[in-house]
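Asks: Given next are the chains, with one letter for each unit.
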Amino acid sequence: MILWLTFAALAAAVVVLLLYPVFRGGKDAAGRIAYDMTVYRDQLAEIGKDAERGMMTPEQAEAARAEIYRRMLAAEDAENTRTAASSRRGMGRVARIVLAAFLAVGVPAGAFSVYAALGSPSLPARPYAARADDPDIIANTKAEKLAAQLEANPSAAGYKKLGDIYFLANRYDEAAAAYRKETGLAGNDAAAWSALGEAMAMANDGIILPGARHAFAEAYRLNRTDARTRFYLGLAEAQHGDLRRAVAIWRDLQKDTPKDAPWAAMLNGHIAAFSKQGGFAPDTIAPQPPDAGK
Amino acid sequence: MIPELGHFALILALFVALVQAVVPMIGASRGDRAWMGVASSAAAAQFALVTLAFGCLVWCYVVSDFSVLNVAQNSHTDKPLLYKITGVWGNHEGSMLLWVFILSVYGMAAALFGRNLPPTLRARALAVQGLVAFGFLVFILLTSNPFLRLDPAPPNGMGMNPLLQDPGLAFHPPFLYLGYVGFSMAYSFAVAALIEGRVDAVWARWVRPWVLAAWCFLTVGIVGGSWWAYYTLGWGGWWYWDPVENASLMPWLAGTALLHSLIVVERRDALKAWTILLTIVTFSLSLLGTFLVRSGVLTSVHSFAADPSRGVFILALLAGFTGLSLTLFSIRAPSLKGGSLFAPVSREGGLLLNNIFLSAAMGAVLLGTLYPLFMDVLELGKISVGPPYFDMVFIPFMTPVILAMALGPMLAWKRGSLKTAFARLRISLALAAAAIAVFAAFHVSWGVAASMGMAVWLFAGTMETLAERTGFLRAPWRETKRRALGLPRSFYGMIASHAGIAILIAGIAGSTAWQSERIQIMHIGDSVALGGYEIKLAKVEDGIKGPNYTAMRGIFDVSRNGVQDIALHPEKRTYDAPPRTTTKAATWGDFPHNLYAVLGDPDPKGGYVTRLYDKPLVTWIFFGGGLIALGGGLALLDRRYRVGAPTRSKYAGRDG
Chain H
9 MILWLTFAAL
19 AAAVVVLLLY
29 PVFRGGKDAA
39 GRIAYDMTVY
49 RDQLAEIGKD
59 AERGMMTPEQ
69 AEAARAEIYR
79 RMLAAEDAEN
89 TRTAASSRRG
99 MGRVARIVLA
109 AFLAVGVPAG
119 AFSVYAALGS
129 PSLPARPYAA
139 RADDPDIIAN
149 TKAEKLAAQL
159 EANPSAAGYK
169 KLGDIYFLAN
179 RYDEAAAAYR
189 KETGLAGNDA
199 AAWSALGEAM
209 AMANDGIILP
219 GARHAFAEAY
229 RLNRTDARTR
239 FYLGLAEAQH
249 GDLRRAVAIW
259 RDLQKDTPKD
269 APWAAMLNGH
279 IAAFSKQGGF
289 APDTIAPQPP
299 DAGK
Chain X
853 MIPELGHFAL
863 ILALFVALVQ
873 AVVPMIGASR
883 GDRAWMGVAS
893 SAAAAQFALV
903 TLAFGCLVWC
913 YVVSDFSVLN
923 VAQNSHTDKP
933 LLYKITGVWG
943 NHEGSMLLWV
953 FILSVYGMAA
963 ALFGRNLPPT
973 LRARALAVQG
983 LVAFGFLVFI
993 LLTSNPFLRL
1003 DPAPPNGMGM
1013 NPLLQDPGLA
1023 FHPPFLYLGY
1033 VGFSMAYSFA
1043 VAALIEGRVD
1053 AVWARWVRPW
1063 VLAAWCFLTV
1073 GIVGGSWWAY
1083 YTLGWGGWWY
1093 WDPVENASLM
1103 PWLAGTALLH
1113 SLIVVERRDA
1123 LKAWTILLTI
1133 VTFSLSLLGT
1143 FLVRSGVLTS
1153 VHSFAADPSR
1163 GVFILALLAG
1173 FTGLSLTLFS
1183 IRAPSLKGGS
1193 LFAPVSREGG
1203 LLLNNIFLSA
1213 AMGAVLLGTL
1223 YPLFMDVLEL
1233 GKISVGPPYF
1243 DMVFIPFMTP
1253 VILAMALGPM
1263 LAWKRGSLKT
1273 AFARLRISLA
1283 LAAAAIAVFA
1293 AFHVSWGVAA
1303 SMGMAVWLFA
1313 GTMETLAERT
1323 GFLRAPWRET
1333 KRRALGLPRS
1343 FYGMIASHAG
1353 IAILIAGIAG
1363 STAWQSERIQ
1373 IMHIGDSVAL
1383 GGYEIKLAKV
1393 EDGIKGPNYT
1403 AMRGIFDVSR
1413 NGVQDIALHP
1423 EKRTYDAPPR
1433 TTTKAATWGD
1443 FPHNLYAVLG
1453 DPDPKGGYVT
1463 RLYDKPLVTW
1473 IFFGGGLIAL
1483 GGGLALLDRR
1493 YRVGAPTRSK
1503 YAGRDG
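Protein sequences, first through last, are from chains H and X. With the first sequence counted from 1, adding 8 to any position gets you the working numbering. With the second sequence counted from 1, adding 852 to any position gets you the working numbering.
Check each hint, because a few of them may be wrong.
Below 30 Å or equal to it, Euclidean Cα-Cα: the simulated DSSO-like pairs (lysine-lysine) are [stated by the list, open to error]: (1) LYS1391(X) - LYS1271(X); (2) LYS1436(X) - LYS1388(X); (3) LYS153(H) - LYS169(H); (4) LYS1388(X) - LYS153(H); (5) LYS57(H) - LYS1333(X); (6) LYS1436(X) - LYS153(H); (7) LYS150(H) - LYS169(H); (8) LYS1457(X) - LYS1388(X); (9) LYS1436(X) - LYS1397(X); (10) LYS57(H) - LYS1271(X); (11) LYS1436(X) - LYS1457(X); (12) LYS1333(X) - LYS1266(X); (13) LYS1391(X) - LYS1457(X); (14) LYS150(H) - LYS1397(X); (15) LYS284(H) - LYS263(H); (16) LYS1266(X) - LYS57(H); (17) LYS1397(X) - LYS1457(X); (18) LYS169(H) - LYS1397(X); (19) LYS267(H) - LYS284(H); (20) LYS1271(X) - LYS1333(X); (21) LYS1333(X) - LYS1391(X).
Selected chain X positions facing chain H (Cβ under 10 Å, derived; list incomplete) [as the list claims (entries may be wrong)]: (22) HIS859; (23) ALA1216; (24) LEU1219.
Pulled from the structure, derived: some chain H residues nowhere near chain X, Cβ distances all over 10 Å [said to hold, decoys possible]: (25) ARG40; (26) ALA140; (27) GLN247; (28) ASP264.
Treat the hints as calculated values from the structure; they're not laboratory data. Note that CB positions come from ideal geometry on N, CA and C, so glycine has one too.
The shape of chain X in the complex, shown without the other chains (with noise of 0.2 Å):
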C-alpha cells in the first residue's frame, strides 16, 4: 500500500498546485481575502503531500520494496542504509522528486514566514510557486514517475553507481536543490512585483533573506560537491569546468549579482529593473541547469539515465516560465522608474560594477557551456570547451571584481571618493605590493603572484574595513566594543564572505603553484619523496570485506624528517552490484600540506601503480568556501529581516 499512497500523495499535490496557482491570483485581483487565504493552506497541503510522497519513497527504498521500478532499478538488499536513503534522490525520478519536494518546503515557508508581507504579494508569490510546482509535477508524473510498479518482483535491484556510494550523496544534491528551487522563490516576488506592479526599497527588503538562503545553500553545495568530487574522484581536481559544474556556477554567479543588486533597491530604490531582470535570469539559470543535468544532454556522473523526453519537457518549461517573466517585464519596465541618482564613484557604483562583470563573467561561462552542444545539435562537428578557454575568459572579468571587493564597502552611498577610499585601505595596498613582490622573488609564476596579492588585497581590505567601522586602535577599547557589537549581522556576514572569497584565492593560486605529483610503480617497501614527505609503500591487503564491496587498500606509510607519524589508506573497491570498480584516494593535510594517494593497477611484477599528490593549500579552498556561505547565513540572520507584521489598528480597515 505505501508505495501506492506515496503515488496518490503525488497526484493530489499536482491538483492542489494548480488551486494554489489559479485561486489566489484570481483572488489578488479581485481583493478577495478568502480566495487570497487559499494560498497559504495550499502551500501547507501541498507540503504534507509532497512530504508524504517523498517519505514514501524512502521507505519503499529501506524496506527494498523492488515491486517499485525505480527501487528495483537503482537499490540493492546489500546497500548500507545510509545509501539506501541517499539513493532515492541517486538517481533521475528520485532526484526530481527531491527537487519538488524542496520547492514544497520553501512554500510552506513563505506561508509561515510571510506574514510581514502585504496578503496581495503573498498570495501572488505563492500562486507563481503553485505554477512551477504544477510544471514539475507534471513532468514527474508524466515522465519521471518514481512510483511505477514492477510485476512479477524481481529477486533483487540493479544496485547504485558505487562513485555515488558515498556520505557525499547526503548533503551534494539536496544543498544544490536548496539553493537552485530557493531562487524561485525569488522569481515568484519578482513576477508578484510585476503583476502589481510595485517594486520598491520595500520589496527588495522582503525579497532578499529568500535569495541569501538560496545562495547560502547553493554555495554549501557547490563547495561541498568540489570537495567530494577532489576526495572521491582519484584525479587530485576539485573543479573541471565540466558543464555540469558551470550549471551550477551560472546560477550562484547571477545570484550574487541579484544579492548585491538588491542591496541597492533596498538602500536607495534605484536599479530596480536591472534586479528584477537579474532574479528571472538567476531562477531561469537554475532551470537551465536542471534541464543541461536531467536531460541527459550531458553525460557524467549527474546525469542518471538519457530519454529525449524528458529534455525537451524540462526545455519547455525553462522556456515557459522565462518568457512568462520576461514578457510580463517588457509590459512593465517602462513603469519601474529609477528612483535615486548616484555618481559613478559611490557604494551603489561599486556594487554596480560587481553586477556587471559578475554577469559578464556568467555569460563567458554560459556560452562555454552551451556552445559545444549548440555545435553538436546543428550538426557541425563535435568540439569540446574545457579549462583553457574558461581560465583565459572567467580570470579575467572576475579580477575587477576582486579588486573593487575590497574597495567598495569603503566608498560612501551616493558619492564617494576613491581618494579617501585608498587612503583607508593603504595597508591593505602595501601589505598587497609586498605579496606580489614576495612571491614574485621566490619563482613563482607572475600570474600566482598577482593572484596571491589580490588575495592579501581582499583579505587585509575587509580586516580594513572592519577595523575602520569598529574604530579599531582609534577609538578606545570601550567604544571599539560597543561599535562591534552594535554593527548588523550583515555586516558581519559581508566581512566572512569577502574574507572566504580572499581565502579561497590563495587557496587556488597556492594548489595549482606548488602542487607536486609522482605517478610510479611502487614494490612493497618502496619509498617516495614528496613535499618535504617520505612515502613508503608499507603493503598491500587485498580482499577486504566492505558491506558490499572488496576492496584492496594500500598502506603507505608518511613521515617527515625520519619520523613516521601518518598512514594513509587509498583503495580499490570492487563492488557486487553493479560489479565496477572504484578508487578511494586517501588524504592526509596539515598546515599547509595536502597529501593525496591514489592506489592504481597491481602489475605482473607485484608492483602497484600509485599517484601521490602534495597539494598545499588546497583545503583553504573548501574552508574559504565555507566562509562564504557562513557570510550569507550571518546575513540572514539579521535583525531587519524579522521585522514583524504590521498591528492591524492604525491602517485597518483597508483590503491588502
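Isolated chain H, as found in the complex (with noise of 0.2 Å):
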C-alpha cells in the first residue's frame, strides 16, 4: 500500500510540475529579435573593445562593424515578414485545458499502465544486512567463516562441517571441494570419499561421472557395509546402461536395510522402477555386491 501511494504521491508532483506553465499562461516575455540584438550589441561592443587594444586597425574595425549592421538590419527585415505572416498569437483556453487534462491523467495512466507490465510490485526489497534471517545467507557466513579458519588451521573435521553446511545449501561444486580436503587430511575415511562422491554427482545433476565413480570405489574399498556408497554405485550401473547389474547391487543392499530405515523406500522405488524400465521382473535378478576391485 505504501508503495502504491509513493508512486502516486510522485506522479502527482510531476503532474503539478509539468501543469504549472499550462496554468501559469502566456506571460509575455521579449521577442526573437530581442534575442538577437543582445548577441549582435555584444559583438559590437567586443570590436570596440579589439579596437582600442589596437588587436584591429581601424578600418578593418570599422568593415567588421558594418557586417554586424548588416545583420542586425537582416535580423530586423525577418522578425517584420516573419511576424506579419504569422499573426498567430496561441492556441487558446480550450486547447489549453485539453492539454492539462491530457497531462493530468494520460501521464500517470500511461506510467501505471507501463508499470503494471514490467514491475513487481509484490517483491520487497532485500538488502544484504536485512536478511540475517535468510537460511542462505545464514549457511553462507557460516561457511565463509569456518573456510576462513580452516584456511589458518586446517582439520578433517572441519572441513567435513564446511562439505556439510555447502551441501545443505545446495553449493555442491564448494561441497565437493571441501570433502575433497576433508579425504586428504582423514587419511582412509570412508565416510568422506562417500561424502565427496555424492557432492560430485549433484554438481553434475546427479550424473557420475568418472570422478565421482572413484571416489565411491574407494569408499567401497575401506567400508563394504555403507549403504549411501553402495547405493550410488548400483545408480553408476545404471547410468552406465547395466540396468541389471545395477537392481542387483540393490537388492543386495536391500537385504541389509532394516525395515523402517530412511532410504529404504527410496531404495525399493528404484529397484521397482528401474526393473521395469529394464523389462524384468526383480525377482529373476541375484543380489550381488558390487566389485570390490574398481
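Join the two chains, each given in its own frame, into one complex according to the hints.
Replies: Written out as C-alpha cells, the structure reads:
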C-alpha cells in the first residue's frame, strides 16, 4: 500500500510540475529579435574593445562593425516578415484545458499501465544486511567464517562440517571441494570419500562421472557395508546402461537394509522403477555386491 | 520498495519525455507560450525522475540487494564501497541508465541556463532532447532494464570484472558519456534551427558553449581512459586503435572540427550548412560509438554483454535520429545562404582547412573501424585492421592540421597574408628546423625527428601568437600586462589547447622513439639495467590480502648511480568473485623517464617472468591531453557566453 501511495505522490508531483506553465499561461517575454540584438550589441562592444586594444586597425574594426549592422538589419527584416506572416497568437483556452487534462490523466495512466506490465510490486527489497534470517545467508556467513578458520588451521572434522554446510545450501561444487580436502587430511575415511562422491554427483545434476565413481569405489574399498556408497555404485551401473547389474547391487543392499531405514522406500522405488524400465522382474535378478576391485 | 520506486520513476520519466518531445514542438509552431513552457518543466521533471531512478539503483548496489537481477549479476558483498557505486555503470544496463541520466542533466542545464535563448528555439531544442530521451528510455525499459527482479534472491552476487575494479571506472565512463551525450545538445539545437529555418551568427554563439562543454568532457574521458589502459592493462601501451577507442575518437575529431567551424559561423556568418551537417555527424558518431560498444558487435572489456536485440535497437535509434535530421537538412540546406566571402588564405580559410583534414582523418578512422565489421557481416571473412593502417592514414591527414594550427591564429579574418604570418613566426620556424636537425643528428628516425619538429613548431608558434597579441617585449611591460588581462578567455583557451596538442605530439614521438623494454625471468636478487637505472627484484611477497583478492607482490628496488631511491610494487591479483587474475603494473616517473614494471607468472625454478619498460615522455601524452581539455574549459568561461537574457522593455509585446 505504501508503495502505491508513494507512486501516486510521485506521479502527482510530476503532474503539478508539468501543469504549472500551462496554468501560469502566456506571460509575454521579449521577441526573438530582442535575443538577436542582445548578441549583436555584445559583438559590437567586443569589436570596440579589440580596436581600443590595438588588435584591429580602425579600418578593420569599421568593416567588422558594418558587417554586424548588416546582420542587425537582416534580423529586423526577418522579424517583420515573420510577424506579418504569422499572426497566430497561441492556441487559446480550450486547447490549454485539453492539454492540462491530457497531462493530468495521460501521464500517470501511461506510467501505471507500463509499470503493471514490467514491475514486481509485490516483491520487497532484500538488502543484504536485512537478510540475517535468510537460511542461505546464514549458511553463507557460517561457511565463510569456517573456511577462513580452516585455511589457517586445517582439520578433517572442520572440512567435513564445511562440506555439510555447503551441501545443505545446494552449493555442491564448494561442498565437493571441502570433502576432497577432508579425504586428504583424514587418510582412509570411507565416509569422507562417499560424501565427496555424492557432492560431485549432485554438482553434475546427479550424473556420476568417473571422478565421482572413483570416490565411491574408494569408499567401498574401505567400507563394504556403507549404504550410500552401495546405492550410488548401483546408480552408476544404471547410468552406464547396465540395469540388471544396478538392480542386483540394490537388491544386495536391500537384504542389509532394516525395514524402517529412512532410505528404504527410495531404494525399493528405484528397484521397481529400473526393473520396469529394463523389462524384467526384480525377483529374477540375483543379489550381488558391487565389484571390489574397481 | 526502493528498487520498485526506481523502476516506476524511470517509467514515469518515459512519459514525461514523450510530453517533452511533443507539447513544446506544437507550442513553438503555434506560438503558444503555455505549451512551450512545458519544455522547461518537463526537462526539470525528467531530471528529477531519472536522478531518482539512478539513485535507487545506486542504493541497491550499496546495500547489495540481490533481489535486483542487475545487482546480483554484477556486484558482490565483498566489493569495497567505491566499486559497489562505480559498479553501477560497470555493466550494460547501468551504463545505459547513466547515459540517460546525463542526458537529463543536460536537459536540465538547458532549461536553467537557456534564459538567453529565444523561447521558440529553446522549446524546440528541448523537444528534440525529449525525443532522444524517449528513444533511449524505450530502449532501456524494453531491452536493458536494470530494475528487473529476481526471486528468490541468491545468497551473493556474481561480482564484477576485476579489470574494472579501479578508480578509473569512477571517472572514465561518466566523462565519456558527458561528452557523447553533450553533443546531443548541439544536435538538438541544430534540428531546432533547421525547423525554424534560421542558422546565423547568433545561433552559433548559443550553441558553442554546449559543444565546448561536451568536447572538454570527451577529451577528459578519452585521455583518462588512455591513462587507465596504460597503468592497468600491463602491456605498456596507451592507445591501440581498438575499435572501441576509435568509437570515442571519431566524435572527438568531428567535435573538434565543429568547435572550429562554429567560430566561423559566429564571426563571419559563413560555413553554415557545413556546420549544421557537422553537428549532425558528431552526434551520429556519438550514437555509433554507443552502438559499437553496447551492441556486442565488438568484444572487449567495454562490451559487457552481447545481445543482438540490443544492437538492432540502437542501430534503429541511430538510423532514426540521423535520418530525421538529414532529411530536415536536405529540405532546409538550400535556404542556408552562406553569408560573407573570404579569401582562401585567411583565418576562415585556415579553420576550413582544419575542418577538411579533421573530417578526412575521421573518415579514415571510420573506414578502418567499420570495414572489418562489414566484412564480417557480409561473410567475406574475418579481417582485422590494426595500428599499421591507422598510423598510415591518420598521420598524413593530421600533419597539415598541425602545421596550419600554428599559422592559423596569425592570419587575419577575410584576407590574410602567409608572408606576414610566416614572418611573425620566424622564431618558431627556426626552432623547429633546429629541433629536426638536432633530433636527426641523434640517430632517431626521420619520422620521430619530424614529429618533434612539428611539436616544437606548434608550441613555439602558439607562444609567439600569445606574444604577438600581448605585445610581449615589443610594447612596454605595463602595456603588455594590460593587453594580457584584456584578452578574452577563449583566446587563452585556444593557446592552452594548441600547446597541449604540441606536448601530446612530443609525448607520443618521445615514448615511441626512446622506449626501452626488458622481458626476462628474474630470480630474487637479480638486477636489470634499464634507461640508466638499475632495477633489482628484492623480493616477492605472496598471499597479500586485498578486500576481495589475494595478491602476489613484487618489490623492485630501483637505483640510479648506485643510490637506491625508488621502489616499484607491481602485483598479480587473483580475485575471489569472479575468480580471475589481473596484473597491476607499477609506474614511477620523473622528468623525463617513466618506469613501468609488471610481475608475471613464477617459473618452476623459482624465478619470475618480469616485464620492465622505460617510457620517456609518456606522461606528456596525458599532461598534453589534460591541457587540451583545460583549454576548452577556459574557452567555456569566456564572458560572451554569459550574455544575459534581453530585458523585456524594448521589444516586448511580441510572441517569441
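Asks: Where does the structure disagree with the numbered hints, that is, which hint numbers, in rising order?
Replies: Result: hints 1, 4, 21, 23, 24 and 25 break, sorted rising.
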